[in-house]
Amino acid sequence: MYQNHDETIPRESEPMRRFSAFAIAREAARHHSGWERHWRSPTPKKHYDAIIIGAGGHGLATAYHLGKDHGITNVAVLEKGWLGGGNTGRNTTIIRSNYLQDPSAAIYEKARSLYETLSQDLNYNVMYSPRGVIMLAQTEHEVRGYLRTAHANALQGVQTEFISPQRVKELVPIINLEGPRYPVLGGLWQARAGTARHDAVAWGYARACSDMGMDIIQKCEVTGIKRDGDKVTGVETTLGDICCNKLGIVVAGHSGVMAEKAGFRLPIESVALQALVSEPIKPCMDVVVMANTVHGYMSQSDKGEMVIGGGADGYNNYTQRGSFHHIEETVRALVETFPMISRLKMLRQWGGIVDMTGDRSPIISKTPVEGVFVNCGWGTGGFKAIPGSGYAMAELMAKGGSPLADEFSMWRFREGKFIDESVAAGVAH
Amino acid sequence: MLILECPYCGVTGEETEFHGGGEAHLTRHGPGSSDDDFENYLFLRENPRGVHFERWRHVNGCGKWFHAARDTATLEVFGTYSAQTTEPPQDIKDAITAKRPGWSWREFK
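Chains as they are written, first to last, in the working numbering: chain C, 3 to 431; chain A, 207 to 315.
Simulated from the structure, these hints should not be mistaken for laboratory data.
Backbone N, C-alpha and C define an ideal beta-carbon position, used for all residues, glycine too.
Please note: incorrect hints may appear among the correct ones.
[As the list claims (entries may be wrong)] In the DSS-like style, the derived pairs of lysine-lysine whose C-alpha atoms are separated by at most 30 Å in a straight line are: (1) Lys228(C) - Lys270(A); (2) Lys263(C) - Lys299(A); (3) Lys270(A) - Lys82(C); (4) Lys48(C) - Lys171(C); (5) Lys70(C) - Lys368(C); (6) Lys263(C) - Lys270(A); (7) Lys305(A) - Lys221(C); (8) Lys315(A) - Lys82(C); (9) Lys70(C) - Lys284(C); (10) Lys419(C) - Lys248(C); (11) Lys270(A) - Lys315(A); (12) Lys263(C) - Lys315(A).
[Said to hold, decoys possible] Ranges between beta-carbon positions, derived for each pair: (13) Phe326(C) - Pro295(A): 27 to 35 Å; (14) Trp413(C) - Thr292(A): 45 to 53 Å; (15) Asp51(C) - Asp242(A): 45 to 53 Å; (16) Cys215(A) - Glu417(C): 20 to 28 Å; (17) Thr235(C) - Ser310(A): 49 to 57 Å; (18) Asp51(C) - Cys215(A): 58 to 66 Å; (19) Ala193(C) - Pro295(A): 34 to 42 Å; (20) Asp232(C) - Pro295(A): 47 to 55 Å; (21) Thr292(A) - Val145(C): 40 to 48 Å.
[Stated by the list, open to error] Partial list, computed: chain C residues near chain A (C-beta under 7 Å): (22) Pro44; (23) Phe266; (24) Ile270.
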């Protein structure tokens, strides 16, 4: 548990001690008494150059890149709950960039490439594991779709290939190629895709932000957004009013709620998406497998749990639990695909509120309110994008535009400039 | 699990018997309308955390479309009513007011 408003660490404290093999040896020799708290929990100042609402992966990555790339360090990250407790701590940790449309491939591949060195950049082990992701093709339509994606990826410089059922079986010995409903006809394989430790991504960014002098303020809910005409002047919070020049709204499922406080509407609907994990078992699958036709995907965590992504509810809700029948559908699909998991016990199930746009692509955009920026709409697949999202959002907030973000404007819907990924990845991803 | 009552055939069923159809009481704007109206109709949604009105279809039943008033944070259903209306009937509004005093949704309250 964290403490709020801990004043024992002064604002101008010493820089964080770095993690290293030497540090482990040093702490081993003194009963681990020297490990520090990873980030400060200060009381909010009266004014910041920029405030980010939402201390999840995307919000913290935005703050990190504001400081690292643009020298803006008078920044606060406000979080109504606890750091990384929303969708950052609720996803299935999959990282991939095999998208169909060029703007998507650009930002997801940027994110994936940043993940490759994130542990070194943050000096924090995010356990990035480029173990490879297979998306199974189980209908002729899906085969054609993934062949098209593989060709598009080749043009975009994203390394993917379409592989045969035999190659799928080599990579995933526990798979049943001749399923009762949908045989495996091939797969879209991205070898440098994989997984990372989701909590560590949030914690690593938080530690780096705190080290740059930024204030991460948990248990601080934004209750209103203050404007002077069409320009933002600050926020009202449960810890009092805080002024700012620029405001980034990075709150995923609650984006619509926050947009209403700022006085505009978003093309977003929020639904609960579920995931579950099994009891831990010995290593049996060292890649990530996604079976979109039968609606299920699975990977094995380093602890041995089978991590399973479930379905999204078919109606708006904010409950963070999800409907029972989706679990049954997901498990049924995965037992078809991987018969050996039929005896596994499921340990935990949970839900997160995902923010869905009409074209299943995110929004990284200016808004009708000057100084307010939104980063949302990542829907069912935001974790993989965290570093690229933060990179682009920070550039947008600092410079007023970003090559990676420009296509993801909130006005693309009225202009008919969709980035339509709903065909390529209409289900959970 | 969400439990809804179809206002047409009177059957009470679990959500697997129904299919959600998104936000209710949208005013359709077609050719000749302003860009703002068209964007509002086609893309922008209330998406509230709380009282919400939406369309449902009794797919595994009588097949009729109907409306439901529901709380998106608690999944409490305040009532279902006919689709042949452009605004929630007074008894539904009263049922919501009894449990969520001061509620509002678009121009309704």
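Please check whether threonine 292(A) and valine 145(C) have a Cβ separation lying inside 40 to 48 Å.
holds (46 Å)
Pair hint lysine 270(A) and lysine 82(C), alpha-carbon separation not exceeding 30 Å:
violated (41 Å)
When you check the alpha-carbon spacing of lysine 228(C) and lysine 270(A), does it fall within 30 Å?
Status violated; Cα separation ~45 Å.
Regarding alanine 193(C) and proline 295(A), is the given constraint of 34 to 42 Å on their beta-carbon distance met?
violated (58 Å)
Starting from the hint 49 to 57 Å, judge whether the C-beta atoms of threonine 235(C) and serine 310(A) obey it.
Between threonine 235(C) and serine 310(A), where Cβ atoms are some 26 Å apart, the hint is violated.
Does lysine 263(C) pair with lysine 299(A) here, judged by a C-alpha cut-off of 30 Å?
holds (24 Å)
Holds or violated: lysine 263(C) with lysine 315(A), Cα cutoff 30 Å?
Distance of about 18 Å is within 30 Å: holds.
Minimum Cβ distance from isoleucine 270(C) to chain A below 7 Å?
holds (6 Å)
Is 20 to 28 Å right for how far apart the beta carbons of cysteine 215(A) and glutamate 417(C) are?
Given range 20 to 28 Å: violated, Cβ gap about 43 Å.
Given pair status - lysine 171(C), lysine 48(C), alpha carbons within 30 Å
violated (59 Å)
Holds or violated: phenylalanine 266(C) as interface residue toward chain A, Cβ cutoff 7 Å?
Nearest chain A Cβ about 9 Å off; hint violated.
Interface hint check: proline 44(C), Cβ to nearest Cβ on chain A, cutoff 7 Å. Holds or violated?
violated (29 Å)
Of the numbered hints listed earlier, those contradicted by the structure are 1, 3, 4, 6, 9, 14, 15, 16, 17, 19, 20, 22, 23.
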